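Protein sequences, first through last, are from chains A and B.
As numbered in this note's numbering, residues 1 to 143 make up the first sequence, in order.
As numbered in this note's numbering, residues 1001 to 1147 make up the second sequence, in order.
Just so you know, these hints were derived from the structure itself, not from any lab.
Take these hints with a grain of salt, some might be off.
Unchecked claim - Per label pair, the in silico range of CB-to-CB distance:
| id | chain 1 | residue 1 | chain 2 | residue 2 | range |
| --- | --- | --- | --- | --- | --- |
| 1 | A | Glu141 | B | Glu1122 | 38 to 48 Å |
| 2 | B | Thr1022 | A | Glu135 | 21 to 31 Å |
| 3 | B | Gln1119 | A | Asp139 | 25 to 35 Å |
| 4 | B | Ala1042 | A | Glu42 | 34 to 44 Å |
Just so it is clear, the structure is predicted and the values come from calculations on it, not from any experiment.
In this text, a Cβ means the ideal position worked out from N, Cα and C, and glycines have one as well.
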Amino acid sequence: MATDRTVSATWNGSLLEGSGTIHSVGSGAFGPLPVSWAARAEDPNGLTSPEELIAAAHAACYSMALSSGLSKAGTPPEQLDTSATVTFQPGEGIVRIALTVRGTVPGIDAAGFAEQAEAAKKGCPVSKALAGVPEITLDAELV
Amino acid sequence: MPRIVRKADVVWQGSIARGEGTLHAISSGAFTLPYTNASRIADPEGKTSPEELLAAAHAGCFTMSLGSELARAGTPPERLDVRCTITMDEVEGRGHQIVHSEIEAGGQVPNCDDASFAQAVEAADAGCPFSALIRASATVTISVAPR
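Isolated chain A, as found in the complex (with noise of 0.2 Å):
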């Protein structure tokens, strides 16, 4: 079953001194959530960006997956700690994704845990969708 997701966008002005609103997300769990190029290149000042953004769906869809293949594999997580940070490069795009979880697991080992994290990486479909980026790293451990 295929599942859509929409979000509208406004934008009013020039890009440098212009701002923008991100808004009338579909499911009203946020927004509206103000953005402007200085704070997407600069200091952020409170607010998002679509970095940011990609960085929260990321680390929420690989949450998932790694819960999924825990949860499969018959040792479902107690807790995963996890958090994506996104590089992006003005002229280049974004060229790095770096993903670090901790997770509490009863019942798997480290080497167990080391082969799901690296699972979820490969197939959660925020990762596929984003494998075009030049690297993605995860750094998994065992809490």
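Start from chain A and add chain B according to the hints.
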């Protein structure tokens, strides 16, 4: 230009079926959001999902790219409205995959006729890093909304 770095994190508790995640925008502090597997694949019930976040990222990125193209053409926009829909589907033998991103762009741009606006939309797609990236695995369609 220096590199731009942005970070988000997630705390996920429990199995895939019954667990729940909480998502934080670390760099900006702009949002803290819950999500679940059910809200991702079925009715959102007020919760976001990775696909919605990708749609927000693509809409945000495309909007800035279009604003930049129009300014370069000497017709900076008064207002741009961009809508993005991301579709995830189950692809045989490959599991769940993001298969499509659909962008619809419109707006109020003084001194810019329909043909010039359409041209700017095409240039914005070519220049938007997210459009380029997602084309590696999905189709991207861009259309001009009635203005």
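Results for each hint:
For A:Glu141 and B:Glu1122, the Cβ-Cβ distance of about 46 Å falls inside the hinted range of 38 to 48 Å, so the restraint holds. Remark: the range hint 21 to 31 Å for B:Thr1022 to A:Glu135 is upheld by a beta-carbon distance near 27 Å. A C-beta distance of roughly 44 Å is found between B:Gln1119 and A:Asp139, which places it outside the suggested range of 25 to 35 Å. Between B:Ala1042 and A:Glu42 the beta carbon distance is about 39 Å. The supplied range of 34 to 44 Å therefore holds.
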